[in-house]
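From first to last, the protein sequence lines are chains Z and Y.
Everything in the first sequence is counted per the numbering used here, starting at 1 for the first residue and increasing by one.
Everything in the second sequence is counted per the numbering used here, starting at 1001 for the first residue and increasing by one.
For the record, the hints were derived by calculation from the structure and aren't laboratory data.
Only true hints are included.
Cβ-Cβ distance ranges computed for the label pairs, FRET-style:
id	chain 1	residue 1	chain 2	residue 2	range
1	Y	Gly1037	Z	Arg35	17 to 27 Å
2	Y	Leu1108	Z	Leu102	36 to 46 Å
3	Y	Glu1043	Z	Gly158	25 to 35 Å
4	Y	Leu1136	Z	Arg35	36 to 46 Å
5	Z	Glu66	Y	Arg1035	21 to 31 Å
Virtual Cβ for every residue (Gly too), placed ideally from N, Cα, C.
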Amino acid sequence: MDSMMAASPDSLDDLLRSARAGDNAALAGVFTHYRERLRRMIHLRLDRRLTGRVDASDILQDVYLEVCKRMTSGGADPNLPFFLWLRLVTGQKLTDLHRRHLGTRMRDAGMEITLHRGAMPAASSASLAAQLLGTMTSPTQAAVRAEQRLIVQEALSGLDPIDREILVLRHFEHLSNDEAALALGLKRSTASQRYVRALMRLKDVLSTIPELREELS
Amino acid sequence: MTVPSSRELPPILDSSSGVREPVELLADEFLARRRRGERPTVEEYEGRYPELAESIRNLFPALILMENLDPGSLGVPASPVDRSAATASARVSTSAPVPDQLGDYRILREIGRGGMGIVYEAEQGSLGRRVALKILPPGALTNPVQVRRFEREARAAGRLHHTNIVPVFGV
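Based on the provided sequences and hints, a complete structural model is requested.
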């Protein structure tokens, strides 16, 4: 993802400072900078029953409007890095969308994860698989990797939701340990321990599968 | 009020910081290097940190596996099946003897093949719709492990509904 970030760190800091101060052009620049990361998060967390009915670009558009609205009314949460705040707004939009489209069927989804700063749809193992499959460029490549992917998907479904969440945050959303800690409302030391524990559990589940034992030993 | 910059963490973390796991810090560095395009090895880290070698050996392979599945490592956004790649692979593959008709399905052409079998474009006569038929390679049916894999894949994929996941109609 880093290669897609056009703004250099210095100019990004400038943009962030101006955006927090209420500069709309800077806000647009910041949003553009984080857009692909937010899109990836949407792909990971949008209920699969809504794919085809709602489009990630439309959701991002809605998120941007909401962000603009909040910037004029109270500003971004000063206790969160700006990206995590954007991520939070996106999570809330997704939750609203799930409620609106799925209503009572939300319950069977069982995928809303309560975090200390607000609920956000968890990355379900099925949406993970969907995300993984979406990257396949040819049927042949897809066939070759399908086996391994399904095995890992089954392993992920067997994990505790928080374990799965932290693996998704670190590996698929590319959050740092401190960012993951903030997103989950954990101390940085706890986030660090939980990540190690989640990896160990994933490994334990995967090592019971003969095809993967060699790769993991 | 001072405004935190993107990389400066807010004060609440400092008060509740605590110490990160040593092996997690190494995992972090290992991942950062991989994402920059370097190819660090597990052995390198075992050698550099002998006191953590066991944890490294335990954790890093699972970490690499997760990272290989990271959609971002192949470039987002997710794209639908590339049709030109599909026809290209159909062209190079040798056409195995396949019946024109399999039950309700009339086979039209080969789409692609992989370790798990060959995929054909077919027409389902009774419903008049185009489908993809995945057929295990010859000999695979005598191998119970292969058959189990095939069934497991179908079951798992059959539970999913996604634009980029082929729905399973039947086995």
